[in-house]
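As given, the protein sequences belong to chains A and B, one line each in that order.
Note that my numbering gives residue 358 to position 358 of the first sequence, counting from 1, and the numbers run on in steps of one.
Note that my numbering gives residue 283 to position 283 of the second sequence, counting from 1, and the numbers run on in steps of one.
Because the hints were derived from the structure by calculation, they are not lab data.
One should not assume that every hint holds.
[Stated by the list, open to error] Pairs of lysine-lysine, BS3-like flavour, derived with a Cα cap of 27 Å:
1. A:Lys502 to B:Lys238
2. A:Lys102 to B:Lys286
3. B:Lys321 to A:Lys78
4. A:Lys140 to B:Lys286
5. B:Lys286 to A:Lys78
6. B:Lys427 to A:Lys78
7. A:Lys140 to B:Lys352
8. A:Lys102 to B:Lys231
9. B:Lys176 to B:Lys231
10. A:Lys102 to B:Lys427
11. B:Lys352 to B:Lys427
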Amino acid sequence: MRRLFAALLAVSLLVLAQPSRADQTEDALTSLGTPGFDNVREGVEQLATSGHPRAAEIIGALQAGLLFVNADQTLFIKQGDDSFVSASDGKATTDISADDLKQVRVNNGIRNAIEAALGGLRLFSPDAPTRLEAAEAVYKAHDPAALPALDQALAKESNAGVKTRMLEARAAALLSAPDSVEGDRIAAVAVLRARGDIETRGYLASLSDQPPAVAAAITAALTSLDRLAQIWSVAQSVYYGLSLGSVLLLAAAGLAITFGVMGVINMAHGEMVMIGAYVTFVVQQFMREHTPGIYGTSLLFAIPLAFLVTGAVGVAVERCLIRFLYGRPLETLLATWGLSLGLQQAVRSIFGANNRDVDTPRWMSGATEVGGLTLTWNRMYIILFAIIVLASLMAALRYTSLGLRMRAVTQNRRMAAAMGIRTPWIDALTFGLGSGVAGMAGVALSQIDNVSPNLGQGYIIDSFMVVVFGGVGNLWGTTLGALTLGIVNKFLEPIAGAVMAKIVVLVLLILFIQRRPRGMFPLKGRAVES
Amino acid sequence: MAITEPTLSRRGLARAGAAVATIAAIGAVEAVNNSAAAQAKATIKVGILHSLSGTMAISETTLKDVMLMLIEKQNAKGGLLGRKLEAVVVDPASNWPLFAEKARQLISVDKCAATFGCWTSVSRKSVLPVFEELNSILFYPVQYEGQECSRNVFYTGAAPNQQAIPAVDYLWNESKVKRWVLAGTDYVYPRTTNQILEAYLISKGVAKEDIMINYTPFGHSDWQNIVAEIKKFGSAGKKTAVVSTINGDANVPFYKELGNQGIKATQIPVVAFSVGEEELAGIDTKPLLGHLAAWNYFQSVDNPANKAFIDSWKKYTKNPKRTTNDPMEAHLIGFNMWVKAVEAAGSIDPDKVIDALIGVAVPNLSGGYSAMMPNHHITKPVLIGEIQADGQFNTVSQTPGLVVAQEWSPYVADTKDLIGDWRAPLKCGAFNVKTGACSTGKKA
Chain A
1 MRRLFAALLA
11 VSLLVLAQPS
21 RADQTEDALT
31 SLGTPGFDNV
41 REGVEQLATS
51 GHPRAAEIIG
61 ALQAGLLFVN
71 ADQTLFIKQG
81 DDSFVSASDG
91 KATTDISADD
101 LKQVRVNNGI
111 RNAIEAALGG
121 LRLFSPDAPT
131 RLEAAEAVYK
141 AHDPAALPAL
151 DQALAKESNA
161 GVKTRMLEAR
171 AAALLSAPDS
181 VEGDRIAAVA
191 VLRARGDIET
201 RGYLASLSDQ
211 PPAVAAAITA
221 ALTSLDRLAQ
231 IWSVAQSVYY
241 GLSLGSVLLL
251 AAAGLAITFG
261 VMGVINMAHG
271 EMVMIGAYVT
281 FVVQQFMREH
291 TPGIYGTSLL
301 FAIPLAFLVT
311 GAVGVAVERC
321 LIRFLYGRPL
331 ETLLATWGLS
341 LGLQQAVRSI
351 FGANNRDVDT
361 PRWMSGATEV
371 GGLTLTWNRM
381 YIILFAIIVL
391 ASLMAALRYT
401 SLGLRMRAVT
411 QNRRMAAAMG
421 IRTPWIDALT
431 FGLGSGVAGM
441 AGVALSQIDN
451 VSPNLGQGYI
461 IDSFMVVVFG
471 GVGNLWGTTL
481 GALTLGIVNK
491 FLEPIAGAVM
501 AKIVVLVLLI
511 LFIQRRPRGM
521 FPLKGRAVES
Chain B
1 MAITEPTLSR
11 RGLARAGAAV
21 ATIAAIGAVE
31 AVNNSAAAQA
41 KATIKVGILH
51 SLSGTMAISE
61 TTLKDVMLML
71 IEKQNAKGGL
81 LGRKLEAVVV
91 DPASNWPLFA
101 EKARQLISVD
111 KCAATFGCWT
121 SVSRKSVLPV
131 FEELNSILFY
141 PVQYEGQECS
151 RNVFYTGAAP
161 NQQAIPAVDY
171 LWNESKVKRW
181 VLAGTDYVYP
191 RTTNQILEAY
201 LISKGVAKED
211 IMINYTPFGH
221 SDWQNIVAEI
231 KKFGSAGKKT
241 AVVSTINGDA
251 NVPFYKELGN
261 QGIKATQIPV
271 VAFSVGEEEL
281 AGIDTKPLLG
291 HLAAWNYFQS
301 VDNPANKAFI
311 DSWKKYTKNP
321 KRTTNDPMEA
331 HLIGFNMWVK
341 AVEAAGSIDP
351 DKVIDALIGV
361 AVPNLSGGYS
371 AMMPNHHITK
381 PVLIGEIQAD
391 GQFNTVSQTP
401 GLVVAQEWSP
411 YVADTKDLIG
421 DWRAPLKCGA
431 FNVKTGACST
441 GKKA
């Protein structure tokens, strides 16, 4: 590693290649082509220091799994069109077939070497984001040998963001170097303290054998970082709670309609969620085949389709089964329980028992850091989606004529019928709406959970808990119930563990129901009295 | 329903007709039964006890298929002892008590010569008394927590020292890991394994505060703060790794959350004992690059025997994308061992076969031979693999030879003096070498 950066500096200073350089390149390429992880790793380190003009490209190909070797240990890089070029000079080769080549495999040790090597090689890239990434990689390696190269790069750097990263990388390297002076070290600790992320904390904690003044500065930095982290962790738990709450809300919103408004105990509700998730899978399969260009937007197509499909299933279920069982809750419970097992087995027969691979689009992967908070994109989008679903559901109930009829039927069925509303159809459509919302929830859940026939089972109990807790028949109650349960759960989990947290929440809920049997926001009015 | 007089009498008529039909039907069934009985004399029945519905269907259905394939192949070779094999498939539906009922049915009603089945340890514990009471043979193909040694069970999966301990050793030596997160699903296998691992790590000099143990329920899907906690635990300045005994479905959201929170294998590697090719088939593996798994077999193992097995499996399932995994290999080994032992004993009598099984060696798929030891466990190589972008494993470490199973863990105080040996003079599943007492296969 040390040689790596020393030689890098040499390259950057445009020192003429020494005669031994060619041999080193030769050696590096031979090592890379020799089986054995240690050889490959050595090859990467040698190549990075060799000054070979194609070093970055070759190492990049190794990282991407595109570097291949033949029986004579000659290296080739696979191109986008499945052809191969020679690794050492980039010339196209026609006489090589994929059957004679073996991929050069990497392990975690080699991956570390690759990242450090690429970081060093790309510090001088003309592209600012690449330099930023490179500085980050050098930071993670905290190798003192990188110091000259970093100083060189810092002198030229004009981009403020990249410069900060480089300064942090320099500080980390300084602290690792055995011969840095105390003043520099203390300044470096201050730089790292300002960076203050969790990895930096780990690095600071790992430093040993520092002069007493520096050690004191590190201890102070750690204490202040930990205090800050404690404050942030409260906010982080709230965020986790909101995110779990939004998932519960999505799963329960449909149930708030079918159970809350219609009073049907629908044990097959979870299966509607599951069908929604499978619709996402089918949409993705279809788009991958036919419209790969807009594959990234597949979820946007899946949402309405899942709504329609599960809505249709819901209407069919209501017409064929549930309408015969109104007013007989026990029979409904058993019948829908049977239905849920049937739907599970049907999906298992069609799609197989194995989990299905639903892709997460790029824009939903990863996380962003806000202060000390880590916000994962998929959860953020799900919170947003839950808000949109809830708002549209409320709007639909309040402002559409279907919503008006639904409310009328719920409040006073006979009067609504007398006013000319076809109550059986309204029942079917209400059930369809609830199921459709469940289907949309399935699209969201496909992003964070397994798409398997059992997907729905995991949510049915939680959904009922949310609806009962919030107050049957009240969407605001459902919302508040979901968020409360989510946040309580996430605050309990670190203290009591995931299993105990669930139990405690359940016990608290039972106690609450003893006090307020109709939940937080009970419905009032004649419909309830009767 | 309003019932009128004429319909009533018509009903009576119908009832009489139905009675006649029933009698006729009974006769027909009898005839079928007779011919079935005649056939049963010619076939040897093999029980297959794997869940085909419920939570575990995801893992166990494949094992049923592989057994059917093996039996079909054996029949194509002329069967066993000149008789055809016949598979009896039952579905215990991921319901642990039902496993015991179905096992009883396979042994007493269907008269199966041997049964291949179970996945979770609870299901094995549930059928164990049945196999012991009715004296039949069970082949159990999944890696498990050990601490058991029954005369009637042959364990073709790994014991902890054939999987967990070598994996910890690998991280200890190669990645210099000094801080450990033991994360598992809350049931018997992870709890026992973690108990053994904790004792092992402490015996290696790891401090108690450098070990974090976390349990989650089956099917746990919200991993946000547990992953965040692992991240925090890993920021104490020592190299940290996660040893995962998380089972089944919960793995997918766990790995997704790791990917989203940016925990890379180069920072905090996760080594898993229950994640195989089958489980990875349901996830985008790019963010998981480099996380590890320890098994005794990987689909990517490069040798002719494995290639042939994968080809015949793909042909049998008519699906070129089907994956193979470790418990499938265990069933292959177990089945071949049973065939050899029956041939050697010249009979399917359980007592004779149980004795003949010890010492039988058959080829495994990683290029060597696995042998049935006197403790009813088999010898295995241990492979450590890193997850690759294509969902397969890249073997990064392999034990130089075969590892003999330790059925009773030497790291747990209660069991460190126990050995299992079902050969003639001793014939004991839990023999205490200090006191000389035998507690026959049950925990002392």
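- Query: Within a Cα-Cα threshold of 27 Å, do B:Lys352 and B:Lys427 meet the stated pairing?
  - Reply: Holds - the C-alpha atoms of B:Lys427 and B:Lys352 are around 14 Å apart, at most 27 Å.
- Message: Given the hinted pair A:Lys102 and B:Lys286, is their Cα-Cα distance within 27 Å?
- Response: holds, 21 Å
- Query: Does the structure keep B:Lys427 and A:Lys78 at a Cα separation of 27 Å or less?
  - Reply: Distance of about 60 Å is beyond 27 Å: violated.
- Item | Hinted pair A:Lys140 and B:Lys352, Cα distance within 27 Å | It is violated: about 62 Å lies between the C-alpha atoms, which goes past 27 Å.
- Hey, A:Lys140 versus B:Lys286, does the alpha-carbon distance stay inside 27 Å? holds, 21 Å
- Under the criterion that the straight-line Cα-Cα distance not exceed 27 Å, is the pair A:Lys102, B:Lys427 satisfied? Violated - the C-alpha atoms of B:Lys427 and A:Lys102 are around 51 Å apart, more than 27 Å.
- Message: Tell me if the straight-line CA distance from B:Lys321 to A:Lys78 falls inside 27 Å.
- Response: holds, 24 Å
- Keeping to a limit of 27 Å between CA atoms, is the pair of A:Lys102 and B:Lys231 held or broken? violated, 36 Å
- Query: Between B:Lys176 and B:Lys231, is the straight-line Cα distance small enough, at 27 Å or below?
  - Reply: Holds, because 18 Å separates the two Cα atoms, which is no more than 27 Å.
- Message: Does B:Lys238 sit within 27 Å of A:Lys502, going by the straight-line distance between their CA atoms?
- Response: violated, 32 Å
- Message: Run the distance test for B:Lys286 versus A:Lys78: straight-line Cα separation, threshold 27 Å.
- Response: holds, 19 Å
When held up to the earlier numbered hints, the structure conflicts with 1, 6, 7, 8, 10 and fits the remainder.
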